[in-house]
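S.K.: As a plain string of letters, each chain reads:
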Amino acid sequence: MKKHTDEQKRELQKQVETWKSKYMRALADYQNLEKRTFAEKEETRRFAVQIFLERLLPVLDTLEQVHKHTNDQGLSLALKELNVLLSEYNVEKMKTAGTKFNPHVMECIEVVTGEDDVVIKEILAGYKMHGKVLRAAKVKVGRKQ
Amino acid sequence: MSKIIGIDLGTTNSCVSVMEGGAPKVIYSAEGRNVIPSVVDPVKNIVGDVAKHQMVLNPKSTVFSVKRLMGRKYSDKSVQGDIKWLPYAIKAGKSDMAVIEVEGRQFTPQEISAKILSKIKADAEHYLGGTVKQAVITVPAYFDDSQRQATKQAGEIAGLEVMRIINEPTAAALAYGLEKKNAHTIAVYDLGGGTFDISILELGEGVYEVKATNGDTHLGGDDFDKVIVDYIADEFKKEHAIDLRKDAQALQRLRDAAEKAKIELSSSVQAELNLPFITQGKDGPLHLVMKLSRAKLESIVDDLIKRTIEPVKKCLADAKIKTSDVNEIIMVGGMTRMPKVIETMKSFFGKDLNRSVNPDEVVAVGAAVQAGVLAGDVKDVVLLDVTPLTLGVETLGGVSTPLIARNTTIPTTKSEIFSTAADNQTSVEINVLQGERPMAGDNKSLGRFVLSGIPAAPRGVPQVEVSFDIDASGILNVSAKDKASGKESKITITGSTGLSKDEVEKMQKEAEAHAAEDLDRKEKIEVRNKADNIIYVAEKTLKDAGSKANDEDKKAVEEKIKALKDILESGTKEDLEAKTSELSDAVQKVGASMYSQGQTPPAEEPKAEEKKDEKKVEEGEVVS
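In the order they appear, the protein sequences are chains S and E.
Anchor point for the first sequence: position 45 equals 140 in this note's numbering, and the numbering is continuous, going up by one each time.
Anchor point for the second sequence: position 283 equals 638 in this note's numbering, and the numbering is continuous, going up by one each time.
Source of the hints: derived by calculation from the structure; they are not laboratory data.
Predicted, not measured: the structure shown is a model, and the values here were computed from it.
Hints are not guaranteed to be accurate.
[To be verified] Below, simulated BS3-like cross-link-like pairs (lysine-lysine); rule was C-alpha separation at most 25 angstroms, straight line:
(1) S:K188 <-> E:K581
(2) S:K216 <-> E:K637
(3) S:K136 <-> E:K380
(4) E:K399 <-> S:K190
(5) E:K399 <-> S:K117
(6) E:K432 <-> E:K449
(7) E:K415 <-> S:K239
(8) E:K917 <-> S:K115
(9) S:K227 <-> E:K615
(10) E:K399 <-> S:K223
(11) E:K380 <-> S:K130
(12) E:K601 <-> S:K216
(13) E:K380 <-> S:K117
(14) E:K432 <-> S:K223
(15) E:K449 <-> E:K428
(16) E:K488 <-> S:K115
(17) S:K163 <-> E:K428
(18) E:K399 <-> S:K195
(19) E:K399 <-> S:K227
When you get a sec, could you build the whole thing from the sequences and use the hints?
M.R.: Dropping the structure here:
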């Protein structure tokens, strides 16, 4: 009889340990979620504008293309204003032409004759926001043939 | 013990997920994406999107689709076939195993995959805020022993203990919890970036076994994109005699636009492609403006979709089953979002498809579920209930004041402090309500009880803490405790979450239908309560002021009190608000003059948030 009771005790003890562990784990997950939610809220605040900007950039590209082809004074001024607004939100255009190709911020879409690993031409402008890449630039990179 | 992550190590893209709080969560990469391109430059040691950026520049050293070489011999037919189109060098390594050669150095496919897994590990550690040492990794159902071993090795090289290698279709089944539904026969249709796989699984002793597989190792989303690009380029060529595909810049824009249109056409029937200044014609810049309808898109990709049907038929034949024998179908891979793909498979199998889990993530999610089971998290999945309807108490004016909102996960506890509605009120009645309407009368009363023996005090002074506690079984315990005397009274209500789904829905719909008028009624009551309150304060102020306040001010207050009392029961909301405001101003004047004479006027009670219990002084109401 005693052995049976000991076995029951052990079984119950095991169950206790299992539930304790599950509880702790759930609590830990909860606390971690709280921390993460707080961090995500901060992130969201900072990058709230990001999605909108990502979609605005192609429109900005088009406007700049139009400007390049028409040289319209009015458009030029409007673009200037737009760029001032972007810098207010810590959005900066990256300089790529003539620099060394950096895959972290640029995508090579064509290889052309030129200095090795140097950006020969920028096809699509790249932008950073708060120092983080918003859109990688698309560039033509040189290779000595 | 740290978390075990679930990894979908794909041919084109990889994804990672982990169990958190009983549910799988996809871990985003450092670049902010839910998937990581399976692309590696082993010499520069860059992985993912960054490596992809330099593919065109360094085709010989940017390794992609390495999964095609995992665990295979150099002489393998498939390897020989892939050598013809892969831009990087593949050689025969030890024991004739296929190896990749970059800048004179040799890398095994395991070493390349390990670099992807390392990045995944790092991103997961960043997200979880701790070390990750163990993982579950998925492989195609047709992977042989050598290929599975190679995958395990890749994990080990990356510093991960591979707890289990599971089949991709099985992982998909786990993601949908189909083993709990006892779905006996499952078909998994996986149309990914570069490969198509169809698998038939059968449930045997609680686990899914692969009965048959088939597919096309060179059919995927990339092929769909290509035919769309070709169509657009051909149309443009017809009109302008220029082949946009010859201009890398134009081609790039075309690809982006084609992909965007493809995605748009999954939810709209028409998409417009707009590419200004796409190229230079002989008379000036040319623009591409084209409308693409869903019907047109479907005709363009029709052949590709048809190409998936033959392997499905063969697979069913190998498994020796008919389409009607299949209990559940799961869709995996981004391309399965296309309506035509869904429609084709739905009509082929004659039933609805499982596609609610993000098709890009479903395999990783399933791996995470498996990881959770191994970690002991999900041994018997603890599914927590929610309370389907709001629970609250009745307060002054017949208002229903919520304490636990609907859809709150239980078990849970919520407490709030209430007070008395009248001076010297020594008991409060707690009417426990269930429902979404703002008025107590429109909600269901689950029970009532009384707390008596509250020390006599002016209204609003006593502090009665009302607590709602729902345990895991859905039993509701409501208690009321007077903080001053310590007296407590409680009630236990069973079956508060036991409403049928229909009943819950009915109540919710009613609440929605009456929302506007209910809000109006509630606001009116709140305004009335406020008015009532200011009358009380005003009368008290006059009494306390006595001779200290000047007659003119006192008379003004008395007039305003009468004006407000007259319309208290019948006045409109606006009237009540206006007269409340006037009385409040008048009282403040008196208060101000009392201050200047060194006397403290009675505090105007805090506005709006004050909750007061209904004034019911009946003793000993039966607690049911």
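S.K.: Determine for every hint whether it applies to the structure shown.
M.R.: Against the structure, the hints:
Pair hint K188 of chain S plus K581 of chain E does not hold up; C-alpha atoms about 31 angstroms apart against a cutoff of 25 angstroms. Note on K216 of chain S and K637 of chain E: the hinted pairing holds, with a Cα-Cα distance of about 22 angstroms set against a maximum of 25 angstroms. For the suggested pair K136 of chain S and K380 of chain E, the alpha carbons sit about 17 angstroms apart, so the restraint of at most 25 angstroms is met. Distance restraint check for K399 of chain E and K190 of chain S: the Cα-Cα separation of roughly 23 angstroms lies within the 25 angstroms cut-off, and the hinted pair is therefore satisfied.
Proximity of K399 of chain E to K117 of chain S is assessed by CA-CA distance (about 44 angstroms); at most 25 angstroms being required, the pair is judged violated. A threshold of 25 angstroms between alpha carbons decides the hint, and for K432 of chain E with K449 of chain E the separation of about 18 angstroms falls inside it, so the pair holds. For the proposed pair K415 of chain E and K239 of chain S, the alpha carbon gap of about 16 angstroms is at most 25 angstroms, so the pair holds. Restraint check for K917 of chain E and K115 of chain S: not satisfied, since their Cα atoms lie roughly 64 angstroms apart, outside the 25 angstroms limit.
The suggested pairing of K227 of chain S with K615 of chain E holds, with an alpha-carbon distance near 24 angstroms, which does not exceed 25 angstroms. Distance restraint check for K399 of chain E and K223 of chain S: the Cα-Cα separation of roughly 23 angstroms lies within the 25 angstroms cut-off, and the hinted pair is therefore satisfied. Distance restraint check for K380 of chain E and K130 of chain S: the Cα-Cα separation of roughly 15 angstroms lies within the 25 angstroms cut-off, and the hinted pair is therefore satisfied. Restraint check for K601 of chain E and K216 of chain S: the C-alpha separation of about 17 angstroms stays at or below 25 angstroms, so the hint holds.
Among the hinted pairs, K380 of chain E with K117 of chain S is consistent with the structure: their alpha-carbon atoms are about 19 angstroms apart, no more than 25 angstroms. Note on K432 of chain E and K223 of chain S: the hinted pairing is violated, with a Cα-Cα distance of about 46 angstroms set against a maximum of 25 angstroms. Between K449 of chain E and K428 of chain E the alpha-carbon distance is near 10 angstroms, which keeps this suggested pair within the 25 angstroms criterion. In summary, the hint linking K488 of chain E to K115 of chain S is supported, as the alpha carbons are separated by about 23 angstroms, within the 25 angstroms threshold.
Between K163 of chain S and K428 of chain E, the direct Cα distance comes to roughly 55 angstroms. Violation of the 25 angstroms bound is thereby established for this hinted pair. Using a Cα cut-off of 25 angstroms, the hinted pair K399 of chain E and K195 of chain S holds, with the two alpha carbons roughly 15 angstroms apart. Straight-line distance between C-alpha atoms of K399 of chain E and K227 of chain S comes to about 21 angstroms, which keeps the hinted pair within the 25 angstroms bound.
Hints 1, 5, 8, 14, 17 from the earlier list are contradicted by this structure; the remaining hints agree with it.
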